[in-house]
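With the UniProt record's numbering, the residue at position 155 of the sequence shown is 155, and numbering never jumps.
FYI, nobody ran anything at the bench for these hints, they're computed from the structure.
Values in this document were obtained by computation on a predicted structure and should not be read as measured data.
We put the beta carbon where it would ideally sit given N, CA and C, even for glycine.
Among the clues, some could well be false.
To be verified - No farther apart than 30 Å at their CA atoms in a straight line, the calculated lysine-lysine pairs in the DSS-like style are these:
{"hint": "1", "residue 1": "Lys-95", "residue 2": "Lys-156"}
{"hint": "2", "residue 1": "Lys-288", "residue 2": "Lys-128"}
{"hint": "3", "residue 1": "Lys-156", "residue 2": "Lys-128"}
{"hint": "4", "residue 1": "Lys-57", "residue 2": "Lys-128"}
{"hint": "5", "residue 1": "Lys-95", "residue 2": "Lys-288"}
{"hint": "6", "residue 1": "Lys-57", "residue 2": "Lys-123"}
{"hint": "7", "residue 1": "Lys-211", "residue 2": "Lys-197"}
{"hint": "8", "residue 1": "Lys-156", "residue 2": "Lys-241"}
{"hint": "9", "residue 1": "Lys-123", "residue 2": "Lys-241"}
{"hint": "10", "residue 1": "Lys-288", "residue 2": "Lys-57"}
{"hint": "11", "residue 1": "Lys-156", "residue 2": "Lys-288"}
{"hint": "12", "residue 1": "Lys-211", "residue 2": "Lys-192"}
As the list claims (entries may be wrong) - Cβ pair distances, simulated, as ranges:
{"hint": "13", "residue 1": "Ile-191", "residue 2": "Asp-227", "range": "35 to 45 Å"}
{"hint": "14", "residue 1": "Gln-46", "residue 2": "Glu-187", "range": "55 to 65 Å"}
{"hint": "15", "residue 1": "Asp-65", "residue 2": "Gln-231", "range": "18 to 28 Å"}
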Amino acid sequence: MNTKRWIALSIAVALFIFSIGINAVIGFLKSDIVSNVTKGTDVNLQENIIEGGNFTKRIALLTVDGVIQDVGPSTPWATLEYDHQMFLSQLESIKNDPTVGAVVLSVNSPGGGAIESAEIHEKIVELKEERNIPIYVSMGSMAASGGYYISAPADKIFAHRETITGSIGVIMSSYNFSQLAENLGIEFETIKSGEHKDMFGGTRATTEEEKAMLQEMINDSYEVFVDVVEQGRGMSEAEVKAVADGRIVGGSQAIEAGLVDELGGLEDAIASLRTDYGLEDAQLFEYKSDLGGFGSLLGMNISSIFGPSAETQMITKLMSSSNSPRLMYLYGEF
1 MNTKRWIALS
11 IAVALFIFSI
21 GINAVIGFLK
31 SDIVSNVTKG
41 TDVNLQENII
51 EGGNFTKRIA
61 LLTVDGVIQD
71 VGPSTPWATL
81 EYDHQMFLSQ
91 LESIKNDPTV
101 GAVVLSVNSP
111 GGGAIESAEI
121 HEKIVELKEE
131 RNIPIYVSMG
141 SMAASGGYYI
151 SAPADKIFAH
161 RETITGSIGV
171 IMSSYNFSQL
181 AENLGIEFET
191 IKSGEHKDMF
201 GGTRATTEEE
211 KAMLQEMIND
221 SYEVFVDVVE
231 QGRGMSEAEV
241 KAVADGRIVG
251 GSQAIEAGLV
261 DELGGLEDAI
271 ASLRTDYGLE
281 DAQLFEYKSD
291 LGGFGSLLGM
301 NISSIFGPSA
311 ETQMITKLMS
321 SSNSPRLMYL
331 YGEF
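Please model the complete structure; the sequences and the hints are all you need to start from.
Structure representation (structure tokens):
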């Protein structure tokens, strides 16, 4: 072979070896060994001290930021905006930590899954009942639908005048591709065990009978939502349903409706909690997770090399389940 062919062959071999090396590293990072370390339920929670003070009666600052959905745990190569299992672990940690004497929950979310919202709500109620500690909520730019659902049990709720909240209700949506398919000459072939097996699946129009079935499910979840607000806010059913038609409200309107207690931001909520419960000298901390330290060891963003971003993972998962509608406590589209 001439010199050019030897050079070409050498380059090809080098690329082949490099490819094997990269795949081996990716394989290790995505192996069971690593996944066992990075599962949300197994993540080692660490603490970040925000304000020093008395350690015997501390204030925990928790944050729900983003759509409330369980799309799997954060990993060293993809950190989620909201990690559901991680957040549940934080609530569980507080329940078992006698040094935590109060909680401030910062909520900036349009809501999300009905099941995930209910899981958070149940954990918060359980925490209040078993530990008997105060929980204050600080709403960010949005705390709507499921974002309000998880806020309702709080002892006091703060919102900005510009906060979008409310949207009390339930939604289930899907796409109907049947007309588009017909225009493109695509014919769906479905073999099913019952006439409703493919209902709301997007391949045909939903019948009136099926809409009634789905509406019954929606109504049932709606009544649960109303009950949550009634119990959390000490309101009557009539008072809740007066604003529980899916409408969104601003901070001032939310106060008038009884959904929010005071206007203010996070600092106001923390200051009020300290004053109301004699916690002026209490330490303020938040949780952070230890995902194994791969990012710090390598000194780079692993996601840019070894895998898709958290947003890509989430969108991929949501798109892959688009034909499986679910009950959502969600305002807007995602």
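Hint by hint, here is what the structure shows:
For the suggested pair Lys-95 and Lys-156, the alpha carbons sit about 19 Å apart, so the restraint of at most 30 Å is met. A hinted pair counts as satisfied when its Cα atoms are at most 30 Å apart, and Lys-288 with Lys-128 qualifies at roughly 23 Å. At roughly 13 Å between alpha-carbon atoms, Lys-156 and Lys-128 fall within 30 Å of each other, so this suggested pair holds. For the given pair, Lys-57 sits about 15 Å from Lys-128 by alpha-carbon distance, which is consistent with the 30 Å threshold.
Of the supplied pair hints, the one linking Lys-95 and Lys-288 holds, its CA atoms being roughly 17 Å apart against a limit of 30 Å. Pair hint Lys-57 plus Lys-123 holds up; C-alpha atoms about 20 Å apart against a cutoff of 30 Å. The hinted pair formed by Lys-211 and Lys-197 meets the criterion: a straight-line CA distance of about 14 Å does not exceed 30 Å. The straight-line distance between the Cα atoms of Lys-156 and Lys-241 is roughly 21 Å, inside the 30 Å bound, and the hint therefore holds.
A C-alpha spacing of about 25 Å is found between Lys-123 and Lys-241, which places the hinted pair at or below 30 Å, so the restraint holds. At most 30 Å may separate the alpha-carbon atoms for a hinted pair to count; Lys-288 and Lys-57 meet this at roughly 19 Å. Of the pairs offered as hints, the one joining Lys-156 and Lys-288 holds, with about 25 Å between alpha carbons and a cut-off of 30 Å not exceeded. At most 30 Å may separate the alpha-carbon atoms for a hinted pair to count; Lys-211 and Lys-192 meet this at roughly 19 Å.
Hint check: Ile-191 to Asp-227, Cβ distance near 41 Å, so the stated range 35 to 45 Å holds. The hint said 55 to 65 Å for the Cβ distance between Gln-46 and Glu-187, and at roughly 56 Å that hint holds. Take Asp-65 and Gln-231: their Cβ atoms lie about 25 Å apart, and the range 18 to 28 Å holds.
Hint compliance for this structure: every hint is met.
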